[in-house]
Amino acid sequence: MLINTAKFGKIEIETERILTFSEGIIGFDHAKRYVLFDMAKESPFKWLQAVDDPVLCFIIIDPTLLKPDYSVSVSKEDLESLQADTAEDLGSVAIVSVQDDSKQLTANIRGPLIINFKTRRAKQIALQDQDYSLRHKILQLDDASVECEKAALNG
Amino acid sequence: MLVLSRKQGEGITIGDNLKVKILDIKGRQVRIGIEAPPDYFIYREEVYEKILVENRKAASPDSEKIESIVNNISGLIQKKG
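From first to last, the protein sequence lines stand for chains C and X. Under my numbering, residues 65 to 219 are what the first sequence spells out, in order. Under my numbering, residues 3 to 83 are what the second sequence spells out, in order.
Derived by calculation from the structure, the hints in this document are not laboratory data. Model, not experiment: these values are computed from the prediction. Don't take each hint at face value.
With a straight-line Cα cutoff of 20 Å, these simulated EDC-like cross-link-like pairs (lysine to aspartate or glutamate) come out [unchecked claim]:
1) C:Lys110 <-> X:Glu66
2) C:Lys167 <-> X:Glu69
3) C:Lys182 <-> C:Asp149
4) X:Lys9 <-> X:Glu37
5) X:Lys23 <-> C:Glu141
6) X:Lys59 <-> X:Glu48
7) C:Lys131 <-> C:Asp195
8) C:Lys74 <-> X:Glu66
9) C:Lys71 <-> C:Asp116
10) C:Lys182 <-> C:Glu141
11) C:Lys71 <-> X:Glu66
12) C:Lys140 <-> X:Glu37
13) C:Lys110 <-> C:Glu80
14) C:Lys182 <-> C:Glu78
15) C:Lys201 <-> C:Asp133
16) C:Lys140 <-> X:Asp41
17) C:Lys96 <-> C:Asp116
18) X:Lys52 <-> C:Asp195
19) X:Lys59 <-> C:Asp126
20) C:Lys110 <-> X:Glu69
21) C:Lys105 <-> X:Glu66
22) C:Lys105 <-> C:Asp126
23) C:Lys167 <-> X:Glu66
24) X:Lys28 <-> X:Glu12
25) X:Lys52 <-> C:Asp165
26) X:Lys59 <-> C:Asp93
27) C:Lys74 <-> C:Asp117
Sequences are here, hints too, so could you generate the full structure?
Set out below in structure tokens:
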């Protein structure tokens, strides 16, 4: 189908690629359908573009790249609404944002998007785990500390 | 705001699809059961508000700026992962 987006213009997507958030994403319940786009070759970041709202998009990342032991507990009700038989069918992604006048890049690993890649159903859930932050720091963005972070990540 | 008093085991019906039941009362804590269709958001209020704020901040970012940032650090995160 042909979709209209502010970022990519008009593009053709296969309907099988559409992810359905039956409740929407919190704060954006007008948009139920999204599609994922790679950002750049081999980038861990992806675009999550709304199908029904050309302007609405998010940047997302696999939270296990930020926290290797990341795990979510999904309730029976969540499994049902995602039409999943077991939690093994599910994957999670975290929404990325820029904080404090562009000083910090963070990921919301407390309120991940849970995706059933088999049925293409998805929803945002809220985790009780206090160890997971709404603003998990990915990177400090002022120049000096970007270098520090680079060194730390490489080391 | 509509205010109703309910005892343990009693409930409230809202519209055709929503049922709220007081399951248990222990000291200052109340356990509430909610029956709702799957397309209803149900979250603890304080967590919902926080996620809402973060989502609004993250939505439709200034794409050139953030793209250049994330492209610069993409390789680093892959290495880390």
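Cross-check of the supplied hints:
1. C:Lys110 <-> X:Glu66: 14 Å, holds
2. C:Lys167 <-> X:Glu69: Holds, because 15 Å separates the two Cα atoms, which is no more than 20 Å.
3. C:Lys182 <-> C:Asp149: Judged against 20 Å, a Cα distance of about 10 Å means the pair holds.
4. X:Lys9 <-> X:Glu37: Satisfied, since the Cα-Cα distance of roughly 18 Å is no more than 20 Å.
5. X:Lys23 <-> C:Glu141: Judged against 20 Å, a Cα distance of about 17 Å means the pair holds.
6. X:Lys59 <-> X:Glu48: The given pair, whose Cα atoms are some 17 Å apart, holds under the 20 Å limit.
7. C:Lys131 <-> C:Asp195: 11 Å, holds
8. C:Lys74 <-> X:Glu66: 18 Å, holds
9. C:Lys71 <-> C:Asp116: 13 Å, holds
10. C:Lys182 <-> C:Glu141: 18 Å, holds
11. C:Lys71 <-> X:Glu66: 10 Å, holds
12. C:Lys140 <-> X:Glu37: 13 Å, holds
13. C:Lys110 <-> C:Glu80: It holds: about 18 Å lies between the C-alpha atoms, which stays within 20 Å.
14. C:Lys182 <-> C:Glu78: 15 Å, holds
15. C:Lys201 <-> C:Asp133: Within the cut-off at roughly 16 Å; holds.
16. C:Lys140 <-> X:Asp41: 15 Å, holds
17. C:Lys96 <-> C:Asp116: Status holds; Cα separation ~8 Å.
18. X:Lys52 <-> C:Asp195: Cα-Cα ~15 Å, so holds.
19. X:Lys59 <-> C:Asp126: 19 Å, holds
20. C:Lys110 <-> X:Glu69: 10 Å, holds
21. C:Lys105 <-> X:Glu66: 16 Å, holds
22. C:Lys105 <-> C:Asp126: Satisfied, since the Cα-Cα distance of roughly 15 Å is no more than 20 Å.
23. C:Lys167 <-> X:Glu66: With Cα atoms ~16 Å apart, Lys167 (chain C) and Glu66 (chain X) stay inside 20 Å; holds.
24. X:Lys28 <-> X:Glu12: Holds, at roughly 15 Å.
25. X:Lys52 <-> C:Asp165: 19 Å, holds
26. X:Lys59 <-> C:Asp93: Satisfied, since the Cα-Cα distance of roughly 16 Å is no more than 20 Å.
27. C:Lys74 <-> C:Asp117: Between Lys74 (chain C) and Asp117 (chain C) the Cα gap is close to 12 Å, so the pair holds against 20 Å.
Comparing the model with each numbered hint stated earlier shows that all of them hold.
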